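Enquirer: Spelled out, the chains give:
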Amino acid sequence: MNTALAQAAVPTARAIRWTPAVCLAGVLVAATVLARSAGGPADVVLAIAAAGLAATVVSGLHDPAAAMLSAVPVSVMQRRVLRLALLGLPATAVWFLLDSLTAAQVSGPGPLLALTACGVAVALWAPPRRAVVMGASTPVALFALHQFLPSGTVSDVVGWWLTEPWWVLAAATLLCVAGRRR
Amino acid sequence: MSMTTVRPATAASAPATVTRALVVIEARRMLGNPVPWACLALTIWAMWTVTPEPGEWPGASYEGIIPAVAPFLFGISVAASLPFHRARHDVAPAAPVSEARRTLARLLAALPFVVVALAYAVLVAWRERDLGGLWIGMEPGRTTEALHTTAELAQLVALALVAVALGAALGRRMSRLVALVPALFVLWFVVSVYWLFGQAALTPYSMIQVQPLNITVGPSSADPLSFPSDWLLVGNPHTSEGWQRQWVSEALAWWHDVWLLGVAALLLGVAWPRSGRRALLTVGTVLAVAGLVGQHVVIP
Amino acid sequence: MSTTDTATHTPTGTLLSAAGITKAFGSQTAVDQVDLTLGRGIVGVLGPNGAGKTTLLRILATVLAPDRGTLSLLGLDPAHPTARTEVRRRLGYLPQSPRLYGGFTPLEMVDYVAILKEHTDASQRRREAVTMLEAVGLGDAMHKRIRTLSGGMQQRVALASALVGAPDLLVLDEPATGLDPEQRIALRSVLAETAHRGCVVLSTHNTAEVAALCQQVLVMDRGRICWSGTPAELAGEAEGRVWESDVEEPTALRSWLTGPGTRRHVGTLPDGAAPAVPTVDDGYLLVTRLTR
Chain A
295 MNTALAQAAV PTARAIRWTP AVCLAGVLVA ATVLARSAGG PADVVLAIAA
345 AGLAATVVSG LHDPAAAMLS AVPVSVMQRR VLRLALLGLP ATAVWFLLDS
395 LTAAQVSGPG PLLALTACGV AVALWAPPRR AVVMGASTPV ALFALHQFLP
445 SGTVSDVVGW WLTEPWWVLA AATLLCVAGR RR
Chain B
8 MSMTTVRPAT AASAPATVTR ALVVIEARRM LGNPVPWACL ALTIWAMWTV
58 TPEPGEWPGA SYEGIIPAVA PFLFGISVAA SLPFHRARHD VAPAAPVSEA
108 RRTLARLLAA LPFVVVALAY AVLVAWRERD LGGLWIGMEP GRTTEALHTT
158 AELAQLVALA LVAVALGAAL GRRMSRLVAL VPALFVLWFV VSVYWLFGQA
208 ALTPYSMIQV QPLNITVGPS SADPLSFPSD WLLVGNPHTS EGWQRQWVSE
258 ALAWWHDVWL LGVAALLLGV AWPRSGRRAL LTVGTVLAVA GLVGQHVVIP
Chain C
-15 MSTTDTATHT PTGTLLSAAG ITKAFGSQTA VDQVDLTLGR GIVGVLGPNG
35 AGKTTLLRIL ATVLAPDRGT LSLLGLDPAH PTARTEVRRR LGYLPQSPRL
85 YGGFTPLEMV DYVAILKEHT DASQRRREAV TMLEAVGLGD AMHKRIRTLS
135 GGMQQRVALA SALVGAPDLL VLDEPATGLD PEQRIALRSV LAETAHRGCV
185 VLSTHNTAEV AALCQQVLVM DRGRICWSGT PAELAGEAEG RVWESDVEEP
235 TALRSWLTGP GTRRHVGTLP DGAAPAVPTV DDGYLLVTRL TR
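Those protein sequences? They're chains A, B and C, same order as listed.
If you count the first sequence from 1, you need to add 294 to reach my numbering.
If you count the second sequence from 1, you need to add 7 to reach my numbering.
With my numbering, the residue at position 157 of the third sequence is 141, and numbering never jumps.
Hints listed in this document are in silico derivations from the structure and should not be mistaken for laboratory results.
Since we're looking at a predicted model, the values are computed, not measured.
We put the CB at the ideal spot given by N, CA and C, even for glycine.
Be a bit skeptical, because a hint or two may be false.
Unchecked claim - Have a look at the derived ranges for each label pair, beta carbon to beta carbon:
{"#": "1", "chain 1": "A", "residue 1": "A307", "chain 2": "B", "residue 2": "H96", "range": "20 to 30 Å"}
{"#": "2", "chain 1": "C", "residue 1": "D105", "chain 2": "B", "residue 2": "E106", "range": "43 to 53 Å"}
{"#": "3", "chain 1": "A", "residue 1": "A307", "chain 2": "C", "residue 2": "G123", "range": "23 to 33 Å"}
{"#": "4", "chain 1": "A", "residue 1": "P384", "chain 2": "C", "residue 2": "Q199", "range": "49 to 59 Å"}
{"#": "5", "chain 1": "A", "residue 1": "A379", "chain 2": "C", "residue 2": "D105", "range": "19 to 29 Å"}
{"#": "6", "chain 1": "A", "residue 1": "P358", "chain 2": "C", "residue 2": "T21", "range": "35 to 45 Å"}
{"#": "7", "chain 1": "A", "residue 1": "A379", "chain 2": "C", "residue 2": "A49", "range": "20 to 30 Å"}
{"#": "8", "chain 1": "A", "residue 1": "P358", "chain 2": "C", "residue 2": "A192", "range": "24 to 34 Å"}
{"#": "9", "chain 1": "B", "residue 1": "P280", "chain 2": "C", "residue 2": "E177", "range": "44 to 54 Å"}
{"#": "10", "chain 1": "A", "residue 1": "R330", "chain 2": "B", "residue 2": "T289", "range": "32 to 42 Å"}
{"#": "11", "chain 1": "B", "residue 1": "T151", "chain 2": "A", "residue 2": "A307", "range": "55 to 65 Å"}
{"#": "12", "chain 1": "A", "residue 1": "P384", "chain 2": "B", "residue 2": "G139", "range": "47 to 57 Å"}
Sequences and hints are given; from them, build the entire structure.
Expert: Written as structure tokens, this is what we have:
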């Protein structure tokens, strides 16, 4: 089975649409370079990058041939993990690149991983027809709510992905594990 | 099974009626999408919470109000992208209603969002007056009664047009709907970080342009009273580059609006069918270049 | 219980059995108390739109779990994850309107599905992919991009993907969609070959397809199997209950215009009418009407 997954990596990577992800990474790098040259606080740019990259990784779960592949022995969860790994690794690399370009206080890939895990958890538990769209929208929604809600308990809880990313990652991962058969 | 068919009597002679019917169908679907309304609520909330506070960066409240529109723009783009993405699949390609007319109908259906953006701009203007004005500058060059100019508020309407055009372009050209979410999010929220475009050379290219522009006018040792009395100033401890003039220009904002209209036309050109695309791209290029040149000329 | 003939590795006996399987989506019951026992051969599932054919096939393909009832596929219970994986190793499934990766070639697509069916020997897998594509008549097009192929050719790529790995259980949801008559005949040969070693379950709206291909027919309506038997038996249901005339017959259960302009009717033969030779179509229409 692991051999099958390893052999499936290259064709799966080919099945993923990389152009939007590459363009998005380009925009983020440009924004970070601008932030660096402007000398402003780049934390918000990194937070946008974390949410954007997380949404991109989660959107990679969309598989046009899912129906065709629904009855193969390599389970849908294994195929999802493969897609997440294929997209997640370059996304993390891009995040580190952006982080290295700034002197922001938000350091480490915690927020990116936490948002990605939240998106995947929503994608697993949401109704199948809109699962991936809802999952990809989750990092975006969490960022926007954190950014615009007035400070207080709700805002603090919504912002845990930024302040307590590893706990959020753990909780979302548990949700993913619980929903692995869905 | 028996069928009775009726041949449409007026369709060929009344294209406006057909377009109107298409607009109604598309508008009903687009306006029924909860995303732009949820985003509008967030935008209004964010705008409402901007109030001048003692000790703030001079101009912080003035600068903070305009970027609050970003979530609504994102929502507009999402809603506008859906019918254009749907149009990627041919529906009745041999029907007499041309693709250009269908595209026009989709765009007209999105116009209510532009009207809402206009209403939002009016709300912003009312809110600023309700607050008694916003603060710009520090003593001795300071005002507590600053209001956004008409041109700056018109930017919100122009941005709504750009949002519709961006949604249309990405919806039409991107093969996977799900990839639109991160793309639109990053584009709209990155441009909402207005200080990225704060340098005079970059300001004309910004999408969400936030004034005032800060122009260095003298060293920190300079006497601020020696500057013209109508200048709004910012200096130590807020800056490390000496005295700066906080410059608000309605002319700059109008030229920026022209630039935004050009960008909207260019994006519409991307979404438009082959016939008529060239005209849109030409108009868009002319407007965009004129807007850029105008801004460069106006900025001191 | 299924057994395997050790000499030929061909499963014998019952390959698929279902007892009381039920599946509902909200308040809509798509499959209602279905009982089935199938062995080797080709089984056609007929039924009107919304009858529950696709849901039943998705359950048989282990894609959907039934809400109630017991299911045994190739002697294994697919409710258990390990057994389900084992079933899937020996299963081929063609969904209704399958979507493929447009940027792949047919060879790459079939090879990819073979990998996911855990065929890890690359050269053997490649050979099998080529064989399957040649079997469905895509030998010349296997290196073209899928997005450049016609709808019928794309359907055949999906069919080759379902066939890869010599499955003992083949579940096909409307496999002949988009195929021209020549391709349909080729499909029959491919399926007949598969049916020698295992069970093929296919859904279709084409009764002629069923008559030509299937040893057994299931007619579904409103989630239930309302009739089962051979195609000849289905046609026989209309024996003495089908006739033709030039006028409407108010007593007929169903009437329709035929090509030459006469009307064909199924129902109780009126006095004086001459019975026509029944077809599977007649039997199907009669059965679905009588069960309502």
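Enquirer: Each of the hints needs a verdict: does it hold here or not?
Expert: Going through the hints against the structure:
{"no.": "1", "hint": "A:A307 - B:H96: 20 to 30 Å", "result": "holds (27 Å)"}
{"no.": "2", "hint": "C:D105 - B:E106: 43 to 53 Å", "result": "holds (50 Å)"}
{"no.": "3", "hint": "A:A307 - C:G123: 23 to 33 Å", "result": "holds (28 Å)"}
{"no.": "4", "hint": "A:P384 - C:Q199: 49 to 59 Å", "result": "holds (52 Å)"}
{"no.": "5", "hint": "A:A379 - C:D105: 19 to 29 Å", "result": "holds (24 Å)"}
{"no.": "6", "hint": "A:P358 - C:T21: 35 to 45 Å", "result": "holds (36 Å)"}
{"no.": "7", "hint": "A:A379 - C:A49: 20 to 30 Å", "result": "holds (27 Å)"}
{"no.": "8", "hint": "A:P358 - C:A192: 24 to 34 Å", "result": "holds (32 Å)"}
{"no.": "9", "hint": "B:P280 - C:E177: 44 to 54 Å", "result": "holds (48 Å)"}
{"no.": "10", "hint": "A:R330 - B:T289: 32 to 42 Å", "result": "holds (36 Å)"}
{"no.": "11", "hint": "B:T151 - A:A307: 55 to 65 Å", "result": "holds (58 Å)"}
{"no.": "12", "hint": "A:P384 - B:G139: 47 to 57 Å", "result": "holds (51 Å)"}
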